[in-house]
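A.B. asks: The chain contents come next:
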Amino acid sequence: MTGTGTQADPYIVDTWPDCVAAVGTTGAYVEVVPETVWDMNEIAPLGAGTVSINCAAINGNGAVIKAANITSDLLQFYKNCTVKRLNILDFDGKAYVMRVSGGATATLKKCSVTGIFNAVNSSVFYSDSGQIVFTADEPEYPGEKELGSMIDIISNNGSGICGAYYAGTALALRYTNLHYVGDFNGSAYRHGVSVSDSLITGELNNAEFVSIQRTEIDASGTLSSSSAVQTLVNSSRATIASGNFTAVTPEQMTDSAYLQSIGFPIGVVVNGV
Amino acid sequence: MAYSITYDLTPLIEQGGISSRGDFNTETVVRTRGRIAIALPTSATITAISNTSKPLQVDFLGYADSSTNAPICDLYWYDSPYTFDLSQYSGIRYVRVAIRNSDSTNISPADVASVTLEAIVEDAWYINEYGELTHSALPELPESPMMPPFPYCTWRIDPQINNGYPFHELLPGMAGISIDLWALERENVIRSYDISTPQTGFDGNGLALLDPVSCIEHHGEDRWDVELTHPLDDWDKWKTLLVENCLKVDGQIFRIDIQRPELSESGELIYVHARHISGDIAGNLIAEGHGQWTGGTPTEYLEYIKVASGQYNDDTGEGYYPQYIFDSYTDYTDPIGEIDLTNTSYWAAVVGIDNCLVNVTGGELFRDNFYFSVCRRMQYAKDGAFYLRYTLDMTEIQYEVDYTELVTWLRVEDNFGCYSISSYTPSSRWAVHHARRKCIMMTYADDLGWEANMERLNRDKEALWAQVSVPKVTVTVRIAALSNDPKYKDFKGLQDYRYGDRGTIYCPELDLETELQITSVDYDRVTGEILSMTLGSTKSSLIRPAFLGSTISSGRTQEDKQAQATAAAIRDMRLRTIRSWYDASAYTWGELRQYTWEEVAKYGNNNT
Numbered sequence: 001m002t003g004t005g006t007q008a009d010p011y012i013v014d015t016w017p018d019c020v021a022a023v024g025t026t027g028a029y030v031e032v033v034p035e036t037v038w039d040m041n042e043i044a045p046l047g048a049g050t051v052s053i054n055c056a057a058i059n060g061n062g063a064v065i066k067a068a069n070i071t072s073d074l075l076q077f078y079k080n081c082t083v084k085r086l087n088i089l090d091f092d093g094k095a096y097v098m099r100v101s102g103g104a105t106a107t108l109k110k111c112s113v114t115g116i117f118n119a120v121n122s123s124v125f126y127s128d129s130g131q132i133v134f135t136a137d138e139p140e141y142p143g144e145k146e147l148g149s150m151i152d153i154i155s156n157n158g159s160g161i162c163g164a165y166y167a168g169t170a171l172a173l174r175y176t177n178l179h180y181v182g183d184f185n186g187s188a189y190r191h192g193v194s195v196s197d198s199l200i201t202g203e204l205n206n207a208e209f210v211s212i213q214r215t216e217i218d219a220s221g222t223l224s225s226s227s228a229v230q231t232l233v234n235s236s237r238a239t240i241a242s243g244n245f246t247a248v249t250p251e252q253m254t255d256s257a258y259l260q261s262i263g264f265p266i267g268v269v270v271n272g273v
Numbered sequence: 001m002a003y004s005i006t007y008d009l010t011p012l013i014e015q016g017g018i019s020s021r022g023d024f025n026t027e028t029v030v031r032t033r034g035r036i037a038i039a040l041p042t043s044a045t046i047t048a049i050s051n052t053s054k055p056l057q058v059d060f061l062g063y064a065d066s067s068t069n070a071p072i073c074d075l076y077w078y079d080s081p082y083t084f085d086l087s088q089y090s091g092i093r094y095v096r097v098a099i100r101n102s103d104s105t106n107i108s109p110a111d112v113a114s115v116t117l118e119a120i121v122e123d124a125w126y127i128n129e130y131g132e133l134t135h136s137a138l139p140e141l142p143e144s145p146m147m148p149p150f151p152y153c154t155w156r157i158d159p160q161i162n163n164g165y166p167f168h169e170l171l172p173g174m175a176g177i178s179i180d181l182w183a184l185e186r187e188n189v190i191r192s193y194d195i196s197t198p199q200t201g202f203d204g205n206g207l208a209l210l211d212p213v214s215c216i217e218h219h220g221e222d223r224w225d226v227e228l229t230h231p232l233d234d235w236d237k238w239k240t241l242l243v244e245n246c247l248k249v250d251g252q253i254f255r256i257d258i259q260r261p262e263l264s265e266s267g268e269l270i271y272v273h274a275r276h277i278s279g280d281i282a283g284n285l286i287a288e289g290h291g292q293w294t295g296g297t298p299t300e301y302l303e304y305i306k307v308a309s310g311q312y313n314d315d316t317g318e319g320y321y322p323q324y325i326f327d328s329y330t331d332y333t334d335p336i337g338e339i340d341l342t343n344t345s346y347w348a349a350v351v352g353i354d355n356c357l358v359n360v361t362g363g364e365l366f367r368d369n370f371y372f373s374v375c376r377r378m379q380y381a382k383d384g385a386f387y388l389r390y391t392l393d394m395t396e397i398q399y400e401v402d403y404t405e406l407v408t409w410l411r412v413e414d415n416f417g418c419y420s421i422s423s424y425t426p427s428s429r430w431a432v433h434h435a436r437r438k439c440i441m442m443t444y445a446d447d448l449g450w451e452a453n454m455e456r457l458n459r460d461k462e463a464l465w466a467q468v469s470v471p472k473v474t475v476t477v478r479i480a481a482l483s484n485d486p487k488y489k490d491f492k493g494l495q496d497y498r499y500g501d502r503g504t505i506y507c508p509e510l511d512l513e514t515e516l517q518i519t520s521v522d523y524d525r526v527t528g529e530i531l532s533m534t535l536g537s538t539k540s541s542l543i544r545p546a547f548l549g550s551t552i553s554s555g556r557t558q559e560d561k562q563a564q565a566t567a568a569a570i571r572d573m574r575l576r577t578i579r580s581w582y583d584a585s586a587y588t589w590g591e592l593r594q595y596t597w598e599e600v601a602k603y604g605n606n607n608t
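Line order of the protein sequences matches chains S and P. Residue numbers for the first sequence follow my numbering, so the first one is 1 and each next one is one higher. Residue numbers for the second sequence follow my numbering, so the first one is 1 and each next one is one higher.
Treat the hints as calculated values from the structure; they're not laboratory data. Heads up, the beta-carbon is just placed ideally off N, CA and C, and yes, glycines get one too. Wrong hints could be hidden among the right ones.
[As the list claims (entries may be wrong)] Derived CB-CB ranges, DEER-like:
#, chain 1, residue 1, chain 2, residue 2, range
1, S, 249, P, 155, 37 to 47 angstroms
2, S, 33, P, 34, 42 to 52 angstroms
3, S, 33, P, 200, 49 to 59 angstroms
4, S, 121, P, 148, 28 to 38 angstroms
5, P, 85, S, 6, 29 to 39 angstroms
6, S, 6, P, 19, 31 to 41 angstroms
7, S, 39, P, 85, 47 to 57 angstroms
8, S, 15, P, 155, 26 to 36 angstroms
Can you build the whole structure from these sequences, using the hints too?
C.D. replies: So this is what it looks like as structure tokens:
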């Protein structure tokens, strides 16, 4: 590990122990060596352990935490932290993948989380107090695309996507491609999910959103939200229980003129701009 | 890529102005109600059209969020329409618009006919080239939430590990290290099935998984069978080895036709012999009245003999013997002429009789349980399947060149007076020491007319010529069991050679490097090893079954003499009918060309 942990001279890490130590340092700035892959089958096959995060920022540079056996909460945020370009792929979850406490906000930009969640009556993400936000990153070079985040999870055993000790938005998804199969709300926890400018697919069972706007839902399940704005729902798959969702047919979903006519902000490619 | 999004702001126009401290009341400005979410626009064009004759001016306000009063930018007052360059303002996510008359006189929402805002943004919802609604900022989803390699902690299933049952990387003995992958690859069990097993019932384990002492499979050009010896075990598996029951060995089904339990000094054993299930259709007879094949494509021929031999499903089952239904295929398309198939079996019509499909087409037979095919190159057989080297892959090699049946000149005659000759002159003087000339008599039952007789004779002659005009080269090899050699443990299927495969034999000691085709192979199905293989140099000399066995003769047998006498009598009788040129006009040239003028003159009316 090199660097002093300041914004100008962040910790540069490439090994898993160094990373755990660096992100646990309060207020530190941490950067991972590009193209780092931590294969948790090799590092900790019996359980990846809990990574306490007190630092201010982590730039993953596309790092991958691969095949983690999550037997205790994997990423535990205690302070406000911006995490960029970090990927947790192919996990087997028996505890929270991410947890936020102390009113902190964990902002994950251009991050991805994929895996199967097997805990009983739990949730993939959890907030004691605070918020987990998935969103897009700023481009690192002109014209960089797909700056948003991606979540692809199969959840078993009645677990939901998000749990919270307090009511409110515990999980915010912006510019996020979410594919979720399982019980979206979960059964034993409060849940608070806000979504904007995102795509939701999969099988949600019941899904209640604190708020949702400018989003496409092409998933099965029963939907509800007291604050749904400009949200398209594939009416052939989902059922709207309550909320101002916009039910559209699959044909209408692909009709640019129609979408514009109902006020959905549909863009047209501008050549040469 | 940039996207253009157009917003109609007309319904949002209300009275009042906008400042950095929030909204304020005024009679000279109208504004949009609330904020419009537009992420990171790089430019925006506002077009406001008045209901009055007064020109309008516009004000663009960009905000970072939905609540802060202080804008990122407040760009005023520009004559409508106006395009605002926003590239220098980062972080704009919400916008508002204010409008006034250019002379700053009072204005009301009713004075504004329409207001549109066209924003150019980097990311937006749009319809992609596949006609799907998508957002340019969203990354692609992976094919699956979990991609290999999976976490070791997960139970999973792999057909090659733990016999296909769930396994766990972290549990000892289940991660594949103790499993013989070589054995699994070739399906290392031999099963027995009941006589009443339906055609689709051979996927299960059947009556028993056998523990034979030995199981030798022979797959050759004329037979495909297994010989299995099993102990008289305490679990009574041996009692499942009844005649007419089936065995499944290396994925192929064999029907037991010989059973021989024996008690002797060498032990208590049962020996069974089983032939490949395709032998079942040797019992399907094409009875009299159903055997007149009148010509058609080989595919039609296969369908004809299938139906004519009673190969069809009988759902009632009552009063009939059950049977398995076989599928067939051929890639030959040239028509096959008339054939009398009366009292011929289904299988014989494919491979047995002189004018069976294999002989007529010269094709190679492939069998796979209830399916068979006759194709130019055996289906699923591999070219370049092996490169065997003596001392490495082979423990024994026997190379035989057989000139005993070699012929350099062949004359073939039939019993209707037709004949045809093939010969060749060797390019090298001493390739063959002396000419080997041979005459063969073909005896056919029916007279098809001269042209058809010649066509038939030529077809058979060419096939025979291909067989006898080259020396017969065979190589018999005994394969080293490389699977037991740890050096080759990673090479699954290294010696998975099959009947019909082609490959190269290399033996410098015998000055031999040649490409050959496997014409018979013996397997030890207990160990999975190949015991020996026979390979031939050409298709015709080795793959084809004993050719025309019932037709060819030397011409010197009693039957030949009788046939020749009959043919001579018919010939003579026809000759006697030609007593004049007028009589000759009743025959074709082909029918008369066998006679000489002297013969005609012998019986003819010379006065004519």
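A.B. asks: Note whether the CB distance of residue 33 of chain S and residue 200 of chain P lies within 49 to 59 angstroms or breaks it.
C.D. replies: Taking Cβ atoms as reference, residue 33 of chain S and residue 200 of chain P lie about 57 angstroms apart, which means the hint holds.
A.B. asks: Could you say whether the range 47 to 57 angstroms given as a hint is met by the Cβ separation of residue 39 of chain S and residue 85 of chain P?
C.D. replies: Between residue 39 of chain S and residue 85 of chain P, where Cβ atoms are some 48 angstroms apart, the hint holds.
A.B. asks: I want to verify a distance hint. Is the separation of the beta carbons of residue 85 of chain P and residue 6 of chain S within 29 to 39 angstroms?
C.D. replies: holds (36 angstroms)
A.B. asks: Is 28 to 38 angstroms right for how far apart the beta carbons of residue 121 of chain S and residue 148 of chain P are?
C.D. replies: Check passed, 29 angstroms falls within 28 to 38 angstroms.
A.B. asks: Within 31 to 41 angstroms: is that where the Cβ-Cβ distance between residue 6 of chain S and residue 19 of chain P falls?
C.D. replies: Cβ of residue 6 of chain S to Cβ of residue 19 of chain P: about 40 angstroms, so the range 31 to 41 angstroms holds.
A.B. asks: Hint says 26 to 36 angstroms; check whether the CB-CB distance for residue 15 of chain S and residue 155 of chain P agrees.
C.D. replies: holds (30 angstroms)
A.B. asks: Given the hint of 37 to 47 angstroms, check if residue 249 of chain S and residue 155 of chain P actually sit that far apart at their C-beta atoms.
C.D. replies: Given range 37 to 47 angstroms: holds, Cβ gap about 41 angstroms.
A.B. asks: Just tell me: holds or violated, for the beta carbon distance of residue 33 of chain S and residue 34 of chain P against 42 to 52 angstroms?
C.D. replies: holds (46 angstroms)
This entry satisfies every hint, going by the numbered hints stated previously.
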